[in-house]
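Each protein sequence line maps, in turn, to chains A and B. Under full-length UniProt numbering, the very last position in the first sequence is 539; numbers go up by exactly one each time. Under full-length UniProt numbering, the very last position in the second sequence is 539; numbers go up by exactly one each time.
Hints should not be assumed to be uniformly reliable.
No copy is singled out in the list; a pair is fine if it fits within one copy or between any two copies.
Pairs of lysine to aspartate or glutamate, EDC-like flavour, derived with a Cα cap of 16 Å [claimed, not checked]:
(1) Lys72 <-> Glu217
(2) Lys145 <-> Glu133
(3) Lys101 <-> Glu521
(4) Lys160 <-> Asp115
(5) Lys384 <-> Glu68
(6) Lys72 <-> Asp241
Treat the hints as calculated values from the structure; they're not laboratory data.
Protein chains: 2
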Amino acid sequence: MASLQCSPAYKSILRQLSTHHLHTRSLAPSRSFLKNTTSISKPFSTTSAYYRDMTGTNKILTSKNMNEQVRKAEYAVRGELAIRSEELKNELAKGAKLPFKRVVGCNIGNPQALDQKPITFFRQVASLTEYPELLKDENRQLALKIYPSDAIDRAKLLLKHIGSVGAYSHSQGIPHIRENVAKFIEKRDGFAADPSKIFLTQGASAGVQLTLQMIVENNKVGIMIPIPQYPLYTATLSVLDANPVPYYLDESKGWGLTTEELQRSFDEAAKKGIDTRALVIINPGNPTGQCLSEQNMREIIDFCKQNRVILLADEVYQTNIYQPEERPFHSFKKVLKSMGPAYEGFEMISYHSISKGMVGECGRRGGYFECEGMCDSILEQIYKISSISLCPNVQGQILVDLMVNPPQKGEPSYEMYKKEYDDIYFSLIKRASILEKTFNGLEGCTCNTADGAMYLFPQIRLPKKAIAAAHAAGKEPDQFYCMAMLEATGVCMVAGSGFGQVDGTAHFRSTFLPQPELFEEFCSGIKNFHAGFMNKYRD
Amino acid sequence: MASLQCSPAYKSILRQLSTHHLHTRSLAPSRSFLKNTTSISKPFSTTSAYYRDMTGTNKILTSKNMNEQVRKAEYAVRGELAIRSEELKNELAKGAKLPFKRVVGCNIGNPQALDQKPITFFRQVASLTEYPELLKDENRQLALKIYPSDAIDRAKLLLKHIGSVGAYSHSQGIPHIRENVAKFIEKRDGFAADPSKIFLTQGASAGVQLTLQMIVENNKVGIMIPIPQYPLYTATLSVLDANPVPYYLDESKGWGLTTEELQRSFDEAAKKGIDTRALVIINPGNPTGQCLSEQNMREIIDFCKQNRVILLADEVYQTNIYQPEERPFHSFKKVLKSMGPAYEGFEMISYHSISKGMVGECGRRGGYFECEGMCDSILEQIYKISSISLCPNVQGQILVDLMVNPPQKGEPSYEMYKKEYDDIYFSLIKRASILEKTFNGLEGCTCNTADGAMYLFPQIRLPKKAIAAAHAAGKEPDQFYCMAMLEATGVCMVAGSGFGQVDGTAHFRSTFLPQPELFEEFCSGIKNFHAGFMNKYRD
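Work the whole structure out from these sequences, hints included.
Listed below in structure tokens is the structure:
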């Protein structure tokens, strides 16, 4: 099981400081703080190099003279709560007696860390490409004792186009795989896709970071982001010294998005001298889980065209769709192309990933983005920047191929593939529903249905006493609530303040990924904690 | 085999422009250029969206308003020559008659693309971790028909600590693997290493980019880099808008490095108002291949201490050592620690990778860096930035484990491991020697011996007529020479101008990785070409 370990010293720092306070020269380490640091390998002494570290007076590189944009960036998904949850996991492993038997990580969409089984065919192919001995004709009979014939054939075909999985590939991604991605897009949308406009990446995150960096010319540039949003965006914009231009999703309308709100956001930024160049849409939403309607998407495209902003369509949850009849997924590519020749040349980038859906191969770091309407000099620049990092890891590329080109009906592995896929899918729907009901049953808590993605994002309405206690502890109220939940139940969420929210509201994001067999225990743990918390701080 | 494919349009752009000219508004596409672009999917028309693309007047994002630092960055290793070599490869595949039978990529250290075999044990373990069915007790007999028992046991041990290779891991890297890296470092150096100061990365490149970004506070910051250097450094500094502070290696002294030259470089930068904060040392050197002596390394450490610069030690070629008695590898960590307690707190980062050595698993993207003397707030920031990208890919982490913890004497796979390792090693030494002799036998060409790494970096002295022809073509002389070599022989090098060199000199970098069985043909092709080129342009 993945476990986070940090040195006692910097865990201690994080506990002392909320995410909103940064190191300042006036921070004098307290006696108790210094005591906590004696577990590091240096002897404790007020004149030691370590003491001077903390005041930043002797080191060449400190938090005071490092890259400020990097220092300001925040990423709550693996922030304070996640770090504390790992400490608790370690304590449990050492036999400590805590109010709970296990730590449950609901802070991150990491299905295979919560026992979701990988798709068998995909792992068989990956296994074979690692060790091509198995693909030799003389070993076929032996290989067939373990692997189905279609996995063997697929591995052979891939290696024919790749050579060795240990060699650097084309910096844009293996051409054969990009061709398969193009075919997948065409089949999904009914419109042509061009492999030369497709770039394979190490997860969608890497693609987002690369393309945002390309677009952010200077610190006047603004990028529109949804509130709430997945904090990769705010963190990346912070590092780039760009301006997040927030537009609010409407919780009372199922996290709906209006072009009036987009325009308001754009115009307000313009008044501040911000040069807004792109609009990030996460569809299905993260953390909010809503799926956009086609009509809404056409309006968004028109907004972009009129205001000359590039559309950045984060579509990594496109197969996590739980109401496929009422709220199906439409790709922005398809909607754009169906709007006809007047929209020829519209600039857009669409992102996809192997980390989500039923695939869940997060740790492999694979994905792609497709450019639409970008001029060739930009494509050339994207290629150049990709080449500096040589190439995306080849196993990640292979999983992209498998994701877009899975077993087909009639093939030996199809039945098992379909069963595994459907089992995960229906299990997700079921767990989402149970957890949504649980949240809606909590005092002062409301939770929108998740049309898609992997998360629920309930709103909590905390008593004034709780809010006061939070502020006294130097924390946002939802961070305070989540920390209390973690300490009481072992369940690790992410506070809504990490995603952005309407001022004065409080939320948290929870995945619905915990194992089905533990789900009941998980839900009752939350119910009991919440009741206790509300009673403790009742006005 | 990996192949580069770019759309005809932007390949055409690259052919038209040297690496030193960038798009300007005054660039009017010539008729022939536009003709070349009709192979894309749009119909040709002067009023088409595509035409407007090229003049940049209609697109939101163009090379004129993109991030300028990104635009200025250059990376010759996969630049114009590499792109042209891929075109030629495609033409050969389609049956074109060219002066050569095959394209030979000597531009990049990518051993497994040139048929270097992967280490069998490593691939066996990777294969097993992908498909844990094989590790079940009930399948052991079957698994043992294919895999040795120690590979099975290692895969089991790794998965015990990892869970699933498809899950996000700890953002700093799997703790068990970091512990093994620490043990490797201790064994290598004789001094303790701390797993909490070690960060696993997607290749050393990713670690270099992350740490440089941390250090570059503003555009006054300077980072010292060797000339010649591996252009990851100049490209990264360009993107960060930082100042490269060049120090010259002395070709007449086996690419030696003096602290006088370091001081000269530092002082000259200071006069320009540059705030130099770090020194990059590549040891063994790339492209130059020299190994530093211990004495030299102590002087370098003293230089850093006196001038308050952080030492960044790129040691990815530490096992590519071809004169282990006369010019062995010493790690900077070991040398630092052996200098005693007066150097306690010295700030340094050391980088390593799975891409080089006898491992050659470039496409997997794995490596690590070890921090020494960095203050805890910085380690915390490094952790934070790592967490935004979630984690390095898990198979890359597994290969780091295998690299630092290979089969030991007495274990079932040891003999085969040792044989494979030694075969590659001695073959590299042999090929380096043959190629060095070849280069030294060329008219006007001298080439230093490679103590280490994977490259030779000969100096060529071209006739004035050739230099004039180069300038007329808008190219650096060595770029012109390399392009001619490529068109004549199919051999792709990287021009010295891509690495930096003393003004007025010309070099090229060649790997010595082409397959042994083709080596004779490869060397005679170069000899014939060179003789022809020198004759053609003889003054």
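Which hint numbers doesn't this structure obey? Violated hints: none; all satisfied.
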